[in-house]
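Asks: Listed below, chain by chain, are the residues.
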Amino acid sequence: MAALRSQPLVAPDPPAELARPPLILNRRGTAWISGKVSGIAEGRAPRWWWAAFLPSAGLTALCFAMIAYLVSTGIGVWGLDCTVGWAWDITNFVFWIGIGHAGTLISAILFLLRQPWRTSISRAAEAMTLFAVICAAIFPVIHLGRPWDCWWLFPIPNANAIWPQFRSPLTWDVFAISTYFVVSLMFWYVGMIPDLATLRDRARTRARKLVYGLLAMGWTGSIRHWRHYEKACLLLAGLSTPLVLSVHSIVSFDFAASLLPGWHTTIFPPYFVAGAIFSGMAMVLTLLIPIRTLCGLEDVITVLHIDRMGKVLLAAGSMVGYAYAIEWFTARYSGSPHEIFAWENRAFGPYAWAYWTMLACNAISPQLLWLRRVRRSMAAVFLLSIAVNVGMWLERFVIIVTSLHRDFLPSSWSYFRPTLVDIGTLAGSLGLFLTLFLLFIRFLPMIAMAEIKGAAARSGARAHGDPDPPGGLSG
Amino acid sequence: MPDTGSFWIRARQVCAAVGIAAGAAAGIGWARDPGEFGFSYLLAFMFFLSLGLGALFLVMLHHLVDAGWSVPIRRVLEHLAMLAPALALLFVPIAIVAPQVYPWLAMADHPDAALESKRWFLNPAFFYARALAYFAIWSVLAWRLRAWSLRQDRSGAAECTRRMRRWSAAGMFLFAITVTLAAIDWMQSLQHHWSSTIYGVLFFAGSVWATLAWIFLAAAILRLIGPLREVVHARQFHDIGVLLLAFTLFYAYIHFSQYFLIWTAHIPEETFWYAQRGAGGWRGIGLWIVFGHFLAPFLLLLRIDAKQSMALMLPLCGWALLMHYLELAYHIMPVLRPDGFRITGLDMACLLAIDGALGAIFALFMSRHPAYPIRDPRLQEALAGAGTPPVSAPETAAEDA
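Here the protein sequences line up with chains E and Z, keeping their order. Read the first sequence against this note's numbering and you will find it ends at 475, with the numbers running on by one and no gaps. Read the second sequence against this note's numbering and you will find it ends at 401, with the numbers running on by one and no gaps.
Pulled out of the complex, with its shape left as it was, chain E reads as follows (with noise of 0.2 Å):
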């Protein structure tokens, strides 16, 4: 078989514009990463931070106030009604739950998929995970309508006779978030120790010490050490991936699993999926753009990685608009004047105005970013950010109030208004999450040190005499 060889084998240099681009600017080296990232978490917290903590603690207020007065007065403050008896709860929920895919997707999926480019923005988008999981948390219970009773979704056997209804998906969606909860958590948390380590290895007072030292668990830093962090990050990022595909997955059983036209199409699981990991890359970009600025990250979160996340963007919003297109196909091909009514009513009926917005926001913006131009614009694709933003949440809206509304009797038909409780409560879990991104940011290393020193070294990273930087999250 030798004959059967082929020519000697030449592999030729790359063309230097199909060169792969440095993942840190300027030559960025490891001392200037540490310093410049644990600036932000130890210096004096600057205006700009207390002037978007403020509001958002303010409206995180505000969102205890609405629920208080929900739990002591009835889901009666809501705008519900007989005929649409889920409508912003259960949007707020898959909205704030399909933001957290995102940092899973990063952290997890793309760890996998060997991209380094993940190391600058996986430790945000992480905690965005957790944080948006805590908001979309509170709905569920909230919406019970008897809150106190919602220890009754726990399989706790025989306690008062009570045992869970394990055919109906609202308790699997407490297992699948719960689980996916405590699992993001250790992967941010596991993560974070070796930049925890740093920050302990940093501080200057006592309280610092003692609490960065606590968190750091007695990380050394020895060859040991990282063995067992890559295993396990190894590991975390295995069990994350079937996680992240499963939640959002259950969630869209808690609709698909029905009979009602709108709801039960099979394409649910996987367009469920991709919208969440679209909805989340959406809010991360949301978030890093103007931060990126404002902490000067420019050298580390680079115009590179927003053009990536842009292409990610682009891909998911592309399956969702797929999914559109086959509800829509399936429907005609059903010939089901049922399914035909829920996609006619959807499209041409009292929502309409919310159809096409959705459509526009999701599925037909994003195709923006084909253009190399738009995506290596910061204002374009923070816009474009808000825009998918708000055409997911109205997307759940749709597919929640739009299949309600109009149901097999046309005397029960009826149109869904929100109260001021309704907007109040889903402003209000904004600015929790936003509340607790910011301190967030303000407490713990926002950036991945131990891993972009790795893509550092990659750039061309200057070793030694990096000046550090000054402090603070002005930089």
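Simulated from the structure, these hints should not be mistaken for lab results. Treat the hints with care, as some may be off.
Stated by the list, open to error - Between beta-carbon pairs, the in silico distance windows are: (1) Z:Pro338 to E:Leu260: 29 to 39 Å; (2) Z:Asn123 to E:Leu260: 28 to 38 Å; (3) Z:Met107 to E:Ala325: 25 to 35 Å; (4) E:Leu18 to Z:Pro124: 42 to 52 Å; (5) Z:Ser309 to E:Phe408: 49 to 59 Å; (6) Z:Ser309 to E:Lys231: 17 to 27 Å.
Said to hold, decoys possible - Reference listing, derived: stretches of chain E covered by chain Z, where coverage requires no fewer than 3 residues with Cβ under 8 Å from a Cβ of chain Z: (7) 238-251; (8) 255-263; (9) 326-337.
Quick reminder that beta carbons are idealized off the backbone N, C-alpha and C, glycines included.
With chain E held as given, fit chain Z onto it using these hints.
Replies: Chain Z alone, transformed into the frame defined by chain E:
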């Protein structure tokens, strides 16, 4: 091509001989029972079509994500995708016997209520026009992608890479639409009362899974006999294995989603499709799909070192192709043989006839062009550290602590 020529000539002759002999046998089957021939031929055709489409997808994905590791196996995939024009010719028998295979084509003049409402889509003229459009799109995409790749073999120019990216970007959209509609046209519409929104994704997931198994086998064989010996290494096998594991899960996830939602909602107009496949011998095939298509490959592929073990991977990839055939049979054959699955001589004849014809063309491609993109800008990257499979992510750099 310098010295692999004689091998490919012999391969071409053997394939052509097999194809002609099996084609003659299939022709006899056609003459005796066009209906049965139609189903056997459709099953074999969809099997090879899914491999070609899977290859087209992997090539476009390679360009869209600017991959490096997969450069050495890309040419083989380009050739596989380039079988699209031949598949268009091989579709002609299906086009002829279609009225015996698709009940709705036979009742075009007297439609039932279900067909009446979807006549805008399921009507003979549109059906054939669509088929023509699918093959035209797949052929042009595969042709242009390979043509630019071959041009780069001569020039090594970055322009070729950019062109391939552009074709892939547009191609991915067209691919998603055409593959979905083709799966609906040629498989789902066998039972036109039934529909499922996930069906296109299901066909796509199974196709890519089988193509990954095929390319693993092809890469191993081509490495053994020579053409890819210097470029395909542990890293390539590892990465194909990882994708195979991912698609094992993805396929199971998609099929489970469809099955579960139909089962749990329990609407008769949907459940009849699975009820038919849960009766008689098909029940066992369903279980084979659960255990053989998903569980066994999933468990075997989990370990990192498993993807390096040829003793495990080669039989497993062969098994995956068998499972893919069985899975397509599960979609197609219950209409013809409601009692259960069986392989007839005609099934084998159709499979070998198409295999022979496509194999001969594939051998011709392999003899004419370099076995891998010899001047691809990312080839160097694919070969860097190629002997050592990536066990964990390389970006976590311990030494920088």
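Asks: Run every hint past the structure and note whether it holds.
Replies: Going down the list of hints, with the structure as the test:
1. Z:Pro338 to E:Leu260: 29 to 39 Å: With a Cβ separation near 32 Å, Pro338 (chain Z) and Leu260 (chain E) satisfy 29 to 39 Å, so the hint holds.
2. Z:Asn123 to E:Leu260: 28 to 38 Å: holds, 31 Å
3. Z:Met107 to E:Ala325: 25 to 35 Å: holds, 28 Å
4. E:Leu18 to Z:Pro124: 42 to 52 Å: holds, 49 Å
5. Z:Ser309 to E:Phe408: 49 to 59 Å: Holds - the Cβ-Cβ distance for Ser309 (chain Z) and Phe408 (chain E), about 57 Å, lies within 49 to 59 Å.
6. Z:Ser309 to E:Lys231: 17 to 27 Å: Check passed, 21 Å falls within 17 to 27 Å.
7. 238-251: holds (count 3)
8. 255-263: With 4 residues closer than 8 Å to chain Z, the stretch 255-263 of chain E meets the three-residue bar; holds.
9. 326-337: holds (count 8)
Checked against the numbered hints given earlier, the structure satisfies every one of them.
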